[in-house]
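Following the hints, position chain B against chain A.
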Amino acid sequence: MDVRTALAAVLGIGLGLLCLLSPGTVLTVQTAGRLPQDRSGEYGTEGDGSGTFRRLVQVVGGVLVAGGLYFAWQALAV
Amino acid sequence: MRHVGLKARMAVVGSILFGFYAVAAVVVMGVFQWPLALVLLGSVLFVGVQYKIGKWMALRSVGAEDLPEERAPDLHRRVESLSRDMGIDKPRLMIASMGVPNAFAVGRKGAGTVVVSQELLRTLDDDEVEGVLAHELAHIRNRDVVMMVLGQGIASIVAIVAQWAVLLTGDNDLADFFLAIVVGQIVQMIVMVFVLAISRYREYVADSDAAAEVGGEPLASALEKISYGSQRADDSAIDEQVGALCIFGEERGLLAKLFASHPPVEKRIERLRN
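Protein chains in written order, with this note's numbering: chain A, 1 to 78; chain B, 1 to 274.
Isolated chain A, as found in the complex (with noise of 0.2 angstroms):
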């Protein structure tokens, strides 16, 4: 079994996992420091992001975890 293949397979739906199940704490480390994470949202609470923004983050978390499936079907042929 290829040792990189099977890192991208299990790493690449780990992360594709936390896209679809929590996708704010993505937007979250994608934007902070980039736009003011309050920006959003009500006083004293950090903005979650838009609901287009979250829907993206889990389209990508989608196609992370097929990726991964795929390769893990790839190092499991081998």
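Errors might be hidden in some of the hints.
To be verified - So these bits of chain B aren't anywhere near chain A, every CB distance computed over 10 angstroms:
hint, residue
1, Val26
2, Gln33
3, Gly110
4, Asp126
5, Arg141
6, Val195
To be verified - Distance windows between CB atoms, simulated:
hint, chain 1, residue 1, chain 2, residue 2, range
7, A, Ala66, B, Lys7, 43 to 53 angstroms
8, A, Ala66, B, Glu80, 52 to 62 angstroms
9, A, Leu76, B, Tyr228, 51 to 61 angstroms
10, B, Thr169, A, Leu76, 39 to 49 angstroms
11, A, Asp2, B, Met29, 28 to 38 angstroms
12, B, Arg77, A, Leu17, 44 to 54 angstroms
13, A, Val63, B, Leu168, 18 to 28 angstroms
14, B, Lys225, A, Trp73, 47 to 57 angstroms
15, B, Arg2, A, Leu76, 53 to 63 angstroms
16, B, Pro68, A, Leu69, 25 to 35 angstroms
17, A, Leu17, B, Glu70, 49 to 59 angstroms
18, B, Pro264, A, Leu56, 23 to 33 angstroms
19, A, Val63, B, Asp126, 42 to 52 angstroms
20, B, Glu70, A, Ala66, 54 to 64 angstroms
Said to hold, decoys possible - Just a few of them, taken from the derived set where beta-carbon distance is under 7 angstroms, the chain B residues facing chain A:
hint, residue
21, His3
22, Gln50
23, Gly54
24, Ala58
25, Met148
26, Val149
27, Gly151
28, Gln152
29, Ala175
30, Phe178
31, Leu179
32, Val182
33, Leu255
34, Phe259
35, Ser261
In case anyone wonders, no lab produced these hints; they're calculated from the structure.
Being a predicted model, the structure only gives us computed values, none of them experimental.
Just so you know, even glycine gets a beta-carbon here, dropped at the ideal spot from N, CA and C.
What follows is chain B alone, placed relative to chain A:
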């Protein structure tokens, strides 16, 4: 000595971030044969561009407009007085319609901007608005925006270098490209855990500075009014989410806590009142 706790935490987190950055810089110098001066110049340019674009995007995204002095003379007077007391130049004051009560600061000491929402001015009384303004001015005085830009800049640079390290050590097949992207994102997340930890602490420091200027009650009352006002409206929605408050929960899960840029509002209110 002001903010000993913050300085100690900054020393620890700064050392960790420097460690990440140093490893990335050494990799770039070794692999691409870049001299140190070029690595440093590239890093400064990268962070500088992020700062400029971020400020422009933040103001543009909420449709912020300048708030002329003749339209809100009392608000301008309060900001001027607070700025003088806090030893900073009066920042640019802007207003936006954000749909919710909110305020935020962008920019740096000497070139700061404070944006308040129309909804915030309608919801809070004068003392509470002053508490909010003092908190935002404290962010500018403490260079919190600049520190966050620096932290994100380092996280991004380390992530890019990690991606290249994966690419250059592989066979350039599809799995390597995929792995490089994923590793870059994961590395950025790991670095951002430290940046966000210090961000949460800096919120407490800004609260404490605001309390030193105008007392803790106005800001505590503002946070309470906004937070509990929305909580009542969201009660039914929250009930539906309680069952999902596990490790991935957006509201109170472990990940949400680890990657939060702000501490919980209840804790801030409690600290302001104690």
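So, going through the hints one by one against the coordinates:
1. Val26: holds, 23 angstroms
2. Gln33: holds, 26 angstroms
3. Gly110: Holds: least Cβ distance 18 angstroms, greater than 10 angstroms.
4. Asp126: holds, 16 angstroms
5. Arg141: It holds; B:Arg141 is separated from chain A by about 16 angstroms at its closest Cβ, greater than 10 angstroms.
6. Val195: Not fine: 7 angstroms to the nearest Cβ puts B:Val195 too close to chain A.
7. A:Ala66 / B:Lys7: 43 to 53 angstroms: holds, 47 angstroms
8. A:Ala66 / B:Glu80: 52 to 62 angstroms: Cβ of A:Ala66 to Cβ of B:Glu80: about 56 angstroms, so the range 52 to 62 angstroms holds.
9. A:Leu76 / B:Tyr228: 51 to 61 angstroms: holds, 53 angstroms
10. B:Thr169 / A:Leu76: 39 to 49 angstroms: Roughly 23 angstroms apart at Cβ, these two residues miss the hinted range, so it is violated.
11. A:Asp2 / B:Met29: 28 to 38 angstroms: holds, 30 angstroms
12. B:Arg77 / A:Leu17: 44 to 54 angstroms: Given a distance of about 52 angstroms, which is inside 44 to 54 angstroms, the answer is holds.
13. A:Val63 / B:Leu168: 18 to 28 angstroms: With Cβ atoms ~24 angstroms apart, the hint holds.
14. B:Lys225 / A:Trp73: 47 to 57 angstroms: holds, 55 angstroms
15. B:Arg2 / A:Leu76: 53 to 63 angstroms: holds, 59 angstroms
16. B:Pro68 / A:Leu69: 25 to 35 angstroms: Violated: the Cβ-Cβ distance is about 57 angstroms, outside 25 to 35 angstroms.
17. A:Leu17 / B:Glu70: 49 to 59 angstroms: For B:Glu70 against A:Leu17, whose Cβ atoms are near 54 angstroms apart, the range 49 to 59 angstroms holds.
18. B:Pro264 / A:Leu56: 23 to 33 angstroms: About 27 angstroms separates the Cβ atoms of B:Pro264 and A:Leu56, which means 23 to 33 angstroms holds.
19. A:Val63 / B:Asp126: 42 to 52 angstroms: holds, 51 angstroms
20. B:Glu70 / A:Ala66: 54 to 64 angstroms: Given range 54 to 64 angstroms: holds, Cβ gap about 58 angstroms.
21. His3: Hint on B:His3: violated, closest Cβ of chain A at ~20 angstroms, above 7 angstroms.
22. Gln50: holds, 6 angstroms
23. Gly54: holds, 5 angstroms
24. Ala58: Check passed: Cβ of B:Ala58 comes within 5 angstroms of chain A, closer than 7 angstroms.
25. Met148: Constraint on B:Met148 satisfied, holds at 4 angstroms.
26. Val149: holds, 5 angstroms
27. Gly151: For B:Gly151, the interface hint holds, since the closest Cβ of chain A sits about 5 angstroms away, which is under 7 angstroms.
28. Gln152: At about 3 angstroms, which falls below the 7 angstroms cut-off, the nearest Cβ of chain A leaves the hint on B:Gln152 intact, so it holds.
29. Ala175: Hint holds; B:Ala175 Cβ to chain A Cβ min 4 angstroms, cut 7 angstroms.
30. Phe178: holds, 5 angstroms
31. Leu179: B:Leu179 check passes; min Cβ-Cβ to chain A is 4 angstroms, inside 7 angstroms.
32. Val182: holds, 5 angstroms
33. Leu255: holds, 5 angstroms
34. Phe259: holds, 5 angstroms
35. Ser261: holds, 4 angstroms
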